[in-house]
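Trainee: Given these sequences and hints, build the entire structure.
Chains A and B, in that order, are what the protein sequence lines are. Residue numbering for the first sequence follows the numbering used here, starting at 1 and increasing by one per position. Residue numbering for the second sequence follows the numbering used here, starting at 1 and increasing by one per position.
Where hints are given, some of them may not hold.
Capping the alpha-carbon separation at 20 Å, the derived lysine to aspartate or glutamate pairs in EDC-like fashion look like this [stated by the list, open to error]:
#1 A/K6 <-> A/D235
#2 A/K23 <-> B/E195
#3 B/K158 <-> B/E305
#4 B/K321 <-> B/D10
#5 A/K357 <-> A/D282
#6 B/K238 <-> B/E204
#7 A/K306 <-> A/D235
#8 B/K24 <-> A/E194
#9 B/K200 <-> A/D22
#10 B/K200 <-> A/E194
#11 A/K311 <-> A/E166
#12 A/K79 <-> A/E45
#13 A/K197 <-> B/E204
#14 B/K158 <-> B/E60
#15 B/K77 <-> B/E181
#16 A/K23 <-> B/D173
#17 B/K231 <-> B/E60
#18 B/K207 <-> B/E195
#19 B/K200 <-> A/D315
#20 A/K6 <-> A/E231
Under 10 Å between C-beta atoms, here's a sample of chain A residues computed to sit facing chain B [what the hints assert, rightly or not]:
#21 E19
#22 W21
#23 D22
#24 T119
#25 L122
#26 T123
#27 S200
#28 L201
The set of hints was computed from the structure by calculation and includes no laboratory data. The structure displayed is predicted, hence computed values, not measured ones. We treat Cβ as the ideally placed atom computed from N, Cα and C, and that holds for glycine.
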Amino acid sequence: MIGMQKVAIIGVGMTDFGELWDKSLRDLTVQAGLEAIRDSGLPGEEIDALYAGCMSSGIFVQQEHISSILADYCGLTPKASTRVEGACASGGLALRQAIMAVASGMYDFVVAGGVEKMTDILTEQTTMALACAADREWEAFQGVTFPGLYAMMARRHMHDFGTTEEQLSQVAVKNHKNGAKNPHAQYRRPVTIEQVKGSSLIADPIRLLHCSPISDGAAAVVVASEEKAREAESDPIWVLGTGQASDTIALHDRREITTMDATVAAGREALDMAGLTIGDIDLVEVHDCFTIAEIAAIEDLGFFPKGEGGKATEDGLTELEGQIPVNPSGGLKSKGHPVGATGIAQAVEVVLQLRGKAGKRQVRDASIGMTHNVGGSGGTCVTHILGR
Amino acid sequence: MPRYRIRSRDIATMWGQDPVAVEKGLGIIEKAVPGIDEDTITISVEAARDALKRARISPEEIGAIYVGSESHPYAVKPSGSVVAAAIGAVGRMTSADYEFACKAGTAGIQTSMGLVGSGLIKYGLAIGADTAQGAPGDPLEYAAAAGGAAFLVAADDKGNVARIDHTVSMTTDTPDFWRREGQSYPRHGGRFTGEPAYFKHVVETSKMLMEETGTSPSDFDHAVFHMPNRKFPERASKTLGFTRDQVKQGLVVQYIGNTYSGCSPLGLCSVFDVATPGERILLTSYGSGAGSDSFHITVQDGIEERRELAPLTGDMISRKKYINYATYVKYREKLNFAE
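Mentor: Structure follows, in structure tokens:
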């Protein structure tokens, strides 16, 4: 990153993702944060600042101001602590803020975390909380929730490109297969294509097993300057590029609904910053809140031409051993989707993969990895490229 | 057991759900619906009369009546006193109503055990009965049913039906299901009602009972677990190591739904339909909120001559008349224009 200080991720931590009924928002935050700090090998007192991604703690657990909770319960007061919100992209945005803070030279040692505690309220309340990430006046008030919005994208994708229900289902099968190998995943079990296709219809053509679940969880990474990274005894993973883009919040205002322009722009920005092309990426964690989102993402990021994401998935090109392993962690689908934590958890996975510490889901010879984190139906997108 | 039944698939069709998926998912084919003139008290009285017929005692000898229910007709005014009057037990006796979601019936059995065991009373009458509520369109509507069972508890042995060898309970503050004062329908925590609520309490309490009695699943001829649907008790029994054959006779939820305070007690009654002297039964109730009562029961010789003195549970379950959703709405007074 020209003109800026080099930035590394030197520590990662995450909780299990799932229905963690015996853990509170602060329990999860502290657990992930402490694990990341321990992993960095540096003393916590040297931390300069904290950034926390969280979408809707106010509705989910009636607690706002979690920036203070984070500093307080991690024993880090009076360090600067800031909450970042961008719907399901909150975590990715918090990471980007931390990276920029270190790159600017202002800080040397920063923690970026993400957390969401979603299962304390009833499912319909959770659905309403998530619907706040859509356009309230033009979408949510009319009764549209996220499965409905993504169903429209899926339907149009099927119409324009011949994407099939099999292909939408194959994304879930592949991600569950990977998630079964991830000890932190909410669903550590494979599913068959018949199970996916036979699951309840949520919003035609989206079925239950095409959707990511409602989850609790937290994740954290320690972001450091080059100097600090050398000081630490951990295995630094370098931030090669970062990108962020916005689009209209309402789906109907988009140029087209099968492409997320924010993904295209954020992906290109990160690649340009890293001086890489998409072919250089060894693995990618994409935002598969619904399986159609993964198909669109791998096209919009440039891994496959538009309209061929479904076929690529069906042909096994996105499997762990495929041309480009997509969501080796199990993705949002199988690993779980505590919305504010997702963007950070993606970075945790890429760091583990690049360190060669991803266990049974290890991608062979991985040296460059990418994350792709989306807010809402594509109104916000944030990407990162990390390398050894 | 009320004679009206509504099929799960008729409720599912009404709400635009997949009838086959619902029936398969919950394992409930149909549920018992109370008639418009039936309530927890009338069900309790009928069950109590049958219990008296089998016990062949005079109602005046009953020293205590406990009615466990979460649908007592009155918020203030006991069901137990009405039951006492209806069966001729009023006078020198005590009574109280219990509420502990679906386990208030077994709680009454335990209280009666204490009173007869201490010699304070000769006979205790413990009843679990409900006309459970499920909000229109709520998944609870498939299960919330009506029915009840009554047990006369004594410390002496004059040809008893069964002997309670041991009981143990577990109680925690687990908010999985609740109905606040003045609310017509209960609310629930969705999937939270499973793992940390039902399964934790049912499995742990059953294990405690087996530990304290030095038994293992293979020692029991029958096992009855609270049955909010068919899946939960089947899974709990499998976790504990019971076979399908052991739980089969007590599993009546498919045909009557979840009768709440009457639920596991009715499962026990169904076992009494066929049980032979010497057989051992494990009974574990569950009440949201949450707790479980577990019992080690041994069937006694008295069952043979007393069984036929009143209608069998299985006969009451098969005596039925189907109603459609509209009639169900009428009988359950779900159309309320006053509010």
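Trainee: Compare the structure with each hint and give your call.
Mentor: To see whether the hints hold, each was checked on the structure:
no.: 1; hint: A/K6 <-> A/D235; in the structure: holds, 15 Å
no.: 2; hint: A/K23 <-> B/E195; in the structure: holds, 15 Å
no.: 3; hint: B/K158 <-> B/E305; in the structure: holds, 12 Å
no.: 4; hint: B/K321 <-> B/D10; in the structure: holds, 14 Å
no.: 5; hint: A/K357 <-> A/D282; in the structure: holds, 15 Å
no.: 6; hint: B/K238 <-> B/E204; in the structure: holds, 13 Å
no.: 7; hint: A/K306 <-> A/D235; in the structure: violated, 37 Å
no.: 8; hint: B/K24 <-> A/E194; in the structure: holds, 17 Å
no.: 9; hint: B/K200 <-> A/D22; in the structure: holds, 13 Å
no.: 10; hint: B/K200 <-> A/E194; in the structure: violated, 32 Å
no.: 11; hint: A/K311 <-> A/E166; in the structure: holds, 10 Å
no.: 12; hint: A/K79 <-> A/E45; in the structure: holds, 9 Å
no.: 13; hint: A/K197 <-> B/E204; in the structure: violated, 37 Å
no.: 14; hint: B/K158 <-> B/E60; in the structure: holds, 17 Å
no.: 15; hint: B/K77 <-> B/E181; in the structure: holds, 15 Å
no.: 16; hint: A/K23 <-> B/D173; in the structure: holds, 16 Å
no.: 17; hint: B/K231 <-> B/E60; in the structure: violated, 42 Å
no.: 18; hint: B/K207 <-> B/E195; in the structure: holds, 16 Å
no.: 19; hint: B/K200 <-> A/D315; in the structure: violated, 43 Å
no.: 20; hint: A/K6 <-> A/E231; in the structure: holds, 14 Å
no.: 21; hint: E19; in the structure: holds, 6 Å
no.: 22; hint: W21; in the structure: holds, 5 Å
no.: 23; hint: D22; in the structure: holds, 7 Å
no.: 24; hint: T119; in the structure: holds, 7 Å
no.: 25; hint: L122; in the structure: holds, 6 Å
no.: 26; hint: T123; in the structure: holds, 5 Å
no.: 27; hint: S200; in the structure: holds, 7 Å
no.: 28; hint: L201; in the structure: holds, 8 Å
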